Amino acid sequence: MNSKWKNLFLLMITMLIFLTACDDQSFTGPLINHGLEEEKQEEMVMDNSIYEESVNEEQPFIQATLTFDGVPVNATFNLSETAQAFIEQLPLTLTMNRYADREYYAAITPLPEAGEAIPNFENGDITYYTAGQSLAVFFANEEISSQDHLLRIGRITSDLSLFEAFDDSVTVRIELAERNGENEMTDDTTISIKDEHPAAEYDFTRFDNIEITGLNLADLNNEELAVLYQQARICQAMTTADIEELSELILESKVFTHMSGRQQTRAEYFADIEDGSLRYFTIGIENPVIEISDDLASITYTSILNADAYGAKGTYRMKGTHWYMKQADSWIAVNAPAGE
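Positions in the sequence shown are counted from 1; adding 44 to them yields the numbering used here.
Just so you know, the hints here were simulated from the structure itself, not pulled from any lab data. All of these numbers come straight from a predicted model, not from anything done at the bench. Don't be surprised by glycine CBs; every beta carbon is placed ideally from N, CA and C. Keep in mind that the hints are not guaranteed to be accurate.
[Said to hold, decoys possible] Computed cross-link-like contacts, EDC-like style, restricted to lysine to aspartate or glutamate with a CA-CA straight-line distance of at most 16 Å: (1) K363 / E166; (2) K370 / E335; (3) K370 / D338; (4) K370 / D339; (5) K370 / E267; (6) K363 / D316; (7) K370 / E312; (8) K370 / E292; (9) K363 / E384; (10) K298 / E312.
[Unchecked claim] Label pairs and their computed distance ranges (CB to CB): (11) L134 / H193: 22 to 28 Å; (12) D263 / E292: 23 to 29 Å; (13) T139 / E166: 20 to 26 Å; (14) R361 / E157: 20 to 26 Å; (15) D263 / P116: 17 to 23 Å; (16) A382 / N141: 51 to 57 Å; (17) L295 / P154: 48 to 54 Å; (18) R306 / E208: 41 to 47 Å; (19) N167 / Q371: 35 to 41 Å; (20) A175 / S291: 19 to 25 Å.
The whole structure should be built from the sequences, with the hints applied where relevant.
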């Protein structure tokens, strides 16, 4: 077995044995299996094998706006070397052309090829096409189309349906988002919250390593905000290895189960975080849906995780459900209820 395939095999074995993060889906690679489809688990393993050597360790998100013929579209850039080189060119105005009802592209100044290499695009990807030295923004048809030679430098966080109305050739202004004192979240979540709104009680901007996209805080009631806030606290504590904070937020009886069937107590799992075996750099919470029934709550979303798990470094995208129980007026992370 040549070294390339040997390394891939060892990596996949590592990921099947390990990997755990936020709550029930403790982000240790192929994750905890509560509401996670089998095909999504397999995708996780492949994602790690592809991205292992291509992602910077500490990779926060930079908010930006792409204005298509006067229509603002929110986005984020990662901080790979490729993305940083592009960010240095901003603000930038390009004429971008539509191709195959899936992307807008334009030639740009060549960038260093030291970013997040991906085998194919996902809808919403902002990429550098290395073979053509072009910027490509993908918005549709990931299911029926493919493209190689891509480095992902960012993501569109606005509703991708906006692209349906754009012309075949558009003028696009790309610039970093301005912060003006408002409570900001990326995507459609940039809002100014009045003091009387429940969201005024929750300062999501304090979570430096967490990005929440795909909802407007003003649309949530107080209990929904409380659940989302607790989830963000857990994810932030994962990235800072704050065991004291995690102990406050996660029930002591919580059990973390890996895909291999191996289980860890809360203490065992925390120990791996504390000694650096599991390291989490940034976590994205994409399109969260919160459901509450009496004292039981769930939050389902797609996680975007940059991590180094037992030596396997990568970027992971996965969808899963996390469970909470209300105790003494506070939401605590718990095991999934029986049957879930």
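Right, here's what the structure says about each hint:
1. K363 / E166: 15 Å, holds
2. K370 / E335: Distance of about 13 Å is within 16 Å: holds.
3. K370 / D338: 9 Å, holds
4. K370 / D339: Distance ~5 Å between K370 and D339 Cα, so the pair holds.
5. K370 / E267: 10 Å, holds
6. K363 / D316: With a Cα-Cα distance of about 23 Å, the restraint between K363 and D316 is violated, given a limit of 16 Å.
7. K370 / E312: Answer violated: K370 to E312 is near 24 Å, above 16 Å.
8. K370 / E292: OK: K370 and E292 at ~13 Å, within 16 Å.
9. K363 / E384: Between K363 and E384 the Cα gap is close to 15 Å, so the pair holds against 16 Å.
10. K298 / E312: 11 Å, holds
11. L134 / H193: 22 to 28 Å: 23 Å, holds
12. D263 / E292: 23 to 29 Å: 28 Å, holds
13. T139 / E166: 20 to 26 Å: Hint holds: Cβ distance 25 Å, inside 20 to 26 Å.
14. R361 / E157: 20 to 26 Å: Cβ of R361 to Cβ of E157: about 22 Å, so the range 20 to 26 Å holds.
15. D263 / P116: 17 to 23 Å: 19 Å, holds
16. A382 / N141: 51 to 57 Å: 54 Å, holds
17. L295 / P154: 48 to 54 Å: For L295 and P154 the Cβ distance comes to about 52 Å; the hint holds.
18. R306 / E208: 41 to 47 Å: The hinted range 41 to 47 Å holds for R306 and E208, with Cβ atoms some 46 Å apart.
19. N167 / Q371: 35 to 41 Å: The hint (35 to 41 Å, Cβ to Cβ) holds, given that N167 and Q371 are roughly 39 Å apart.
20. A175 / S291: 19 to 25 Å: 50 Å, violated
Violated hints for the displayed structure, listed by number in ascending order: 6, 7 and 20.
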